[in-house]
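Novice: Mapping the sequence shown onto the working numbering, position 270 (from 1) lands on 1230, and the numbers just tick up by one.
None of these hints come from the bench; they were simulated from the model. No residue lacks a Cβ here, since even glycine has one placed at the ideal position from N, Cα and C. A few of these clues could be false.
Stated by the list, open to error - Computed cross-link-like contacts, DSSO-like style, restricted to lysine-lysine with a CA-CA straight-line distance of at most 27 Å: (1) Lys1216 - Lys1162; (2) Lys975 - Lys1042; (3) Lys1200 - Lys1145; (4) Lys1213 - Lys1246; (5) Lys975 - Lys1010; (6) Lys972 - Lys1042; (7) Lys975 - Lys1259; (8) Lys1200 - Lys1213; (9) Lys1246 - Lys1259; (10) Lys1216 - Lys1145; (11) Lys1042 - Lys984; (12) Lys1154 - Lys1010; (13) Lys1200 - Lys1042; (14) Lys975 - Lys1213; (15) Lys984 - Lys1145; (16) Lys1259 - Lys972; (17) Lys1246 - Lys1181; (18) Lys972 - Lys984; (19) Lys1181 - Lys972; (20) Lys1010 - Lys972; (21) Lys975 - Lys1145; (22) Lys1181 - Lys1213; (23) Lys1010 - Lys1042; (24) Lys1259 - Lys1216.
To be verified - Ranges between beta-carbon positions, derived for each pair: (25) Asp1002 - Arg1212: 48 to 58 Å; (26) Lys1162 - Ser965: 14 to 24 Å; (27) Lys1162 - Cys1005: 21 to 31 Å; (28) Arg1283 - Glu1160: 14 to 24 Å; (29) Gly1215 - Asn1138: 17 to 27 Å; (30) Arg1283 - Asn993: 34 to 44 Å; (31) Glu1160 - Glu971: 26 to 36 Å; (32) Gly1215 - Asn993: 44 to 54 Å; (33) Tyr1148 - Glu1266: 24 to 34 Å; (34) Ser965 - Asn1022: 34 to 44 Å.
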Amino acid sequence: MATLSPAINLEKPEKEALRVQFGKTLAELGAQNPDIVVLDADLACSTMTKYFADAFPDRFFNQGISEADMMCTAAGLASVGKIPFVSTFALFASGRAWDQVRNTICYSNLNVKICPTHSGISLGEDGASHQSIEDIALMRVIPNMTVVVPSDAVETDHVIRWAAAHDGPMYVRLVRPNHAVIHDKATYQFEPFKIELMREGKDVTLCGTGETVYHALLAAKWLSERDGIEADVLNCAFIKPFDVDTLVQSARKTGKVVTVESHQFIAGLGGAVCEVLSEHHPTPVKRIGTMDQFGQSGKPDDLFREYGLDAQSIYESVKAFMR
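Sequences are here, hints too, so could you generate the full structure?
Specialist: Given below as structure tokens:
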């Protein structure tokens, strides 16, 4: 059954910042569990870990601009029973500290929650040097790592609460801007490790992750209203481990799959979908993402249009794919 609430106005959605929700949820969890500690790389006002820092200064560690050291410190804290949440910009967490994430955290299967913000091209004006469009690929290839990409603030709240209780290394990818809320806070039910079917259709499957789920939903609405094309829309929050059964079930029904992500089309969501389908149910797939190119400086909405990730571009791409 589709989970998109009729109360959600896709044309004029409410917007909330995932990173703000992350910070508030983390502070609330800190009051409940004294073993939770937070580490940041001199970006607490940007990542919103400042909420935790203000509430629990004795359990907050500003590591400075030293991301590799921060990951090792988090590993040490995890090894003595603490639950470290680590945050910085996604590019630094996944790229600059990759060796430490792989060898110090994941090799030892330590309970460290890496929750970076400012991921993808929606980072905007900070430009290509700070836009992490490779981080999903870098993280999902590491053994023992769980990779989660929440689609809105409501899902972020549930993911962070679940992460605090779930043992093992985790990468939770968050974004900078205020973003459309696509879940009803009163009715949303979080299912870890499952793809969420948000809209039901029979003609094509649209797979989104993170902020692209909203754009896929809006594109699906237009496809139905303007062209009579009915799309399954899947919220693929869990990139690893991947929910094979739900994807294959949808692909069997529709026969065509489109993936959309604010990430390289190589080795991210599109890569995961193609890997699953090639093994379990070969299906034509169109991948939409940054097409083997870097980002650039600009307003997030302009960049989404530039890279074909906005609802109008997805709508046009799906129509062409259907032809």
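Novice: Against each hint, give a clear statement of whether it holds in the structure.
Specialist: Verification of the hints:
Straight-line distance between C-alpha atoms of lysine 1216 and lysine 1162 comes to about 10 Å, which keeps the hinted pair within the 27 Å bound. Between lysine 975 and lysine 1042 the CA atoms are separated by roughly 34 Å; this puts the pair beyond 27 Å, and the hint is violated. Annotation: proposed proximity of lysine 1200 to lysine 1145 holds, straight-line Cα distance about 25 Å (limit 27 Å). Under the criterion of a C-alpha separation no larger than 27 Å, the hint pairing lysine 1213 with lysine 1246 is consistent with the structure, at around 17 Å.
In summary, the hint linking lysine 975 to lysine 1010 is supported, as the alpha carbons are separated by about 21 Å, within the 27 Å threshold. A threshold of 27 Å between alpha carbons decides the hint, and for lysine 972 with lysine 1042 the separation of about 42 Å lies outside it, so the pair is violated. Under the criterion of a C-alpha separation no larger than 27 Å, the hint pairing lysine 975 with lysine 1259 is consistent with the structure, at around 17 Å. Of the pairs offered as hints, the one joining lysine 1200 and lysine 1213 holds, with about 23 Å between alpha carbons and a cut-off of 27 Å not exceeded.
For the suggested pair lysine 1246 and lysine 1259, the alpha carbons sit about 26 Å apart, so the restraint of at most 27 Å is met. Proposed proximity of lysine 1216 and lysine 1145 is contradicted: the alpha carbons are some 32 Å apart, above 27 Å. Between lysine 1042 and lysine 984 the CA atoms are separated by roughly 20 Å; this keeps the pair inside 27 Å, and the hint holds. Using a Cα cut-off of 27 Å, the hinted pair lysine 1154 and lysine 1010 is violated, with the two alpha carbons roughly 31 Å apart.
Using a Cα cut-off of 27 Å, the hinted pair lysine 1200 and lysine 1042 holds, with the two alpha carbons roughly 24 Å apart. Pair hint lysine 975 plus lysine 1213 does not hold up; C-alpha atoms about 33 Å apart against a cutoff of 27 Å. A distance of roughly 15 Å separates the Cα atoms of lysine 984 and lysine 1145; the hinted pair therefore holds under the 27 Å criterion. At roughly 19 Å between alpha-carbon atoms, lysine 1259 and lysine 972 fall within 27 Å of each other, so this suggested pair holds.
A C-alpha spacing of about 19 Å is found between lysine 1246 and lysine 1181, which places the hinted pair at or below 27 Å, so the restraint holds. For the hint linking lysine 972 to lysine 984, the alpha-carbon distance of about 25 Å falls within 27 Å, and the restraint holds. Taking the CA atoms of lysine 1181 and lysine 972, the gap is near 13 Å; set against the 27 Å cutoff, the hint holds. In summary, the hint linking lysine 1010 to lysine 972 is not supported, as the alpha carbons are separated by about 30 Å, beyond the 27 Å threshold.
The suggested pairing of lysine 975 with lysine 1145 holds, with an alpha-carbon distance near 13 Å, which does not exceed 27 Å. A threshold of 27 Å between alpha carbons decides the hint, and for lysine 1181 with lysine 1213 the separation of about 19 Å falls inside it, so the pair holds. Only pairs whose Cα atoms come within 27 Å are accepted, and lysine 1010 paired with lysine 1042 is accepted, the gap being roughly 19 Å. Distance check on the hinted pair: lysine 1259 and lysine 1216 sit about 32 Å apart at the alpha-carbon level, beyond 27 Å; violated.
Roughly 49 Å separates the CB atoms of aspartate 1002 and arginine 1212, a value that falls within the hinted 48 to 58 Å. As the Cβ distance of lysine 1162 to serine 965 is approximately 22 Å, the hint placing it in 14 to 24 Å holds. Our hint of 21 to 31 Å for lysine 1162 and cysteine 1005 is violated, since their Cβ atoms are close to 47 Å apart. Range check, arginine 1283 to glutamate 1160: about 23 Å between beta-carbon atoms, so the 14 to 24 Å window is met.
Evaluation of the 17 to 27 Å hint for glycine 1215 and asparagine 1138 yields a failure: the beta carbon distance comes to about 36 Å. At about 54 Å, the beta-carbon gap between arginine 1283 and asparagine 993 misses the expected band of 34 to 44 Å. Checked against the given bound of 26 to 36 Å, the beta carbons of glutamate 1160 and glutamate 971, roughly 20 Å apart, lie outside it. The given range of 44 to 54 Å is respected by glycine 1215 and asparagine 993, whose C-beta atoms sit roughly 47 Å from each other.
The hinted window of 24 to 34 Å between tyrosine 1148 and glutamate 1266 holds, with their beta carbons roughly 32 Å apart. Here the CB-CB span from serine 965 to asparagine 1022 is close to 39 Å, well matched to the stated 34 to 44 Å.
The structure shown violates the earlier hints numbered 2, 6, 10, 12, 14, 20, 24, 27, 29, 30, 31.
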